[in-house]
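Peer 1: The residues making up each chain are set out below.
2 protein chains.
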Amino acid sequence: MAKIKTGVKVFAPASIANVAVGYDILGFAIDKPGDEIIVNFSDTPGLKITEIRGAKGKLPFEVLKNTAGFAAQKMLEHIGEERRGLEMKIHKKMPFGSGLGSSAASAAAGVMAVNEILGRPLTKSQMLPFAVLGEQIADGAYHADNVGPSLLGGMQLIRSNDTLDIHRLHVPKGLYATVIYPHIKVLTKDSRSILSDQTSLKQCIEQTGNIAGFIVGLYNGDFDLIGRSLQDVIIEPQRAQLIPHFYEVKDAVLEAGALGCSISGAGPSIFALSANSLIAEQVGEVMTRIFTNHKIKNELFISTINQEGAILI
Amino acid sequence: MAKIKTGVKVFAPASIANVAVGYDILGFAIDKPGDEIIVNFSDTPGLKITEIRGAKGKLPFEVLKNTAGFAAQKMLEHIGEERRGLEMKIHKKMPFGSGLGSSAASAAAGVMAVNEILGRPLTKSQMLPFAVLGEQIADGAYHADNVGPSLLGGMQLIRSNDTLDIHRLHVPKGLYATVIYPHIKVLTKDSRSILSDQTSLKQCIEQTGNIAGFIVGLYNGDFDLIGRSLQDVIIEPQRAQLIPHFYEVKDAVLEAGALGCSISGAGPSIFALSANSLIAEQVGEVMTRIFTNHKIKNELFISTINQEGAILI
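One line per chain: the protein sequences are V and H, in this order. To convert, note that position 114 of the first sequence is 114 in the working numbering; the numbers rise steadily by one, no gaps. To convert, note that position 92 of the second sequence is 92 in the working numbering; the numbers rise steadily by one, no gaps.
It is possible that part of the hints are untrue.
Pairs involving identical chains hold if they fit within one copy or between any two copies, as the list cannot separate such chains.
[To be verified] List of simulated lysine to aspartate or glutamate pairs, EDC-like, C-alpha gap at most 20 Å:
| no. | residue 1 | residue 2 |
| --- | --- | --- |
| 1 | K202 | D165 |
| 2 | K173 | E308 |
| 3 | K202 | D162 |
| 4 | K93 | D165 |
| 5 | K48 | D197 |
| 6 | K202 | D190 |
| 7 | K202 | E285 |
| 8 | K65 | E77 |
| 9 | K65 | E281 |
| 10 | K9 | E308 |
Think of the hints as simulated: they come from the structure by calculation, not from any bench. Note that the coordinates shown come from a computational prediction; the quantities given were computed from them, not determined experimentally.
So here's chain V without its partners, still in its complex pose (with noise of 0.2 Å):
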């Protein structure tokens, strides 16, 4: 007779990277798009991914192959319970190659829900770099300005990525964030490619500046000083061509009050900082008609900064 079956269900939520000011090492949650992960025991020992939803038969079924199932399966063995018999449904209720930390959510959601069924041995801190270890599958890079917000929420800043040193930034009340994806494709690879590897002595001065600045708004609760801040001098300049209509959307985005819009993750979505949630709506009309005339299809997001992170559904 087969076990009972006793499945749990998780969500982990899209995400910010970058956020302007900190490439490679600053990222924050956002409530939703986000990917869910169904997970139940079953007889045959080992890991399995039974279903896939919602991405068009481009994920990998082969456990080690797949975001969400590499990130688990990782983890598990570190745990000593690779030989449990587990089922994995991937439900990706988010785009891939949207900036929007997509295969970082699947990493997060898998190791929430394998570490959810097995009645959380590990705290989420302790599962990070499973997770981590699962989008660099899908990514190339070992580095967690997506998976750490996906999976802690909040805004994080991780110091080294080498060391997963991460820390959940201040946030101050009011803060919204606007995040519009627009049907383009940006392959990750190909904004990674364009980036010089070189940077001039006083982009980096400004930029070091900037982000200090940006986290001494973030615990001063100073919007003006956050405003000041979100200038990207390195990155965005480089990506921006990438993105039709970037600077178009972003100088309206700005007029309509947000304190500063950039590129999410390596695009093409494009995220707004503002300071209440009725200057967040109005910068999300302004980004939605502008994509809409240019008719390119979109979709918007409008979310505080997601403070949960990975959670059980």
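Dock chain H against the given chain V, drawing on the hints supplied.
Peer 2: Just chain H now, kept in the frame of chain V:
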């Protein structure tokens, strides 16, 4: 009959610029050394410098060529008091070319003294641009990473030197600075000219991570994070060659328990931060012993982060 001469005497402290992770944008004040300036009213219209002590004849008496004089004069013009009869006596009580913000202390003391004798027409923040102008004639650059702390006190972030977007950072209790000035000649223009005007993106990312981690460490009182963050991967490796025995000192200082250690300003002074005064003193003994063993004269200063800056004495 001459007017009654009611004079004021002010002190402005030395400061540590750059602080490893904030080249041109971070600095803090220490309790001493520093400069004193005395200002008295005079019957003769205009500002005059009537005495300069401790500068070995190296500082000009001509107001517009003297750091303190220029700063004070520009401020007097701003408030419409340039015809006021004022005599300034400058007592240099700290060395030139030490990397301790000597010219900045003079500029800060200059504006502070004139402002005090005139009954405080300006706030310290309003005085700051004139002090920065004063230092500029000594240093060539318009930046506030020494002048800001010397005038305002505290650990100061200058997000932008162009706009003097300056912010006092929270400093946790217990944080101590140990600073040694080895009597070695390093000219600021040399230490600027050896710097590459390019840096790698990788180093820039590390530096942004480190300044961000440093600030989060300060705000959270997380001394371990402060320590991990206090790593200058851009400037220090280029400038260390100008300071004999720098790495011997740094290694020994970290071994003695300091959180971090780097070059103060343009050098040759070296600073360390420690989590309490006992470690700061042990660090000081280590620094002194090494330079003394190498037969290099040196002066040691141990201090909290001075929160007052320029004061009336």
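Peer 1: Take the hints in turn and mark each one as holding or not.
Peer 2: For each hint, the structure was consulted:
no. : hint        : in the structure
1   : K202 x D165 : between (27 Å within a copy, 17 Å between copies)
2   : K173 x E308 : within (15 Å within a copy, 31 Å between copies)
3   : K202 x D162 : between (26 Å within a copy, 12 Å between copies)
4   : K93 x D165  : neither (29 Å within a copy, 43 Å between copies)
5   : K48 x D197  : neither (40 Å within a copy, 53 Å between copies)
6   : K202 x D190 : between (26 Å within a copy, 18 Å between copies)
7   : K202 x E285 : neither (36 Å within a copy, 37 Å between copies)
8   : K65 x E77   : within (16 Å within a copy, 71 Å between copies)
9   : K65 x E281  : neither (39 Å within a copy, 55 Å between copies)
10  : K9 x E308   : within (16 Å within a copy, 56 Å between copies)
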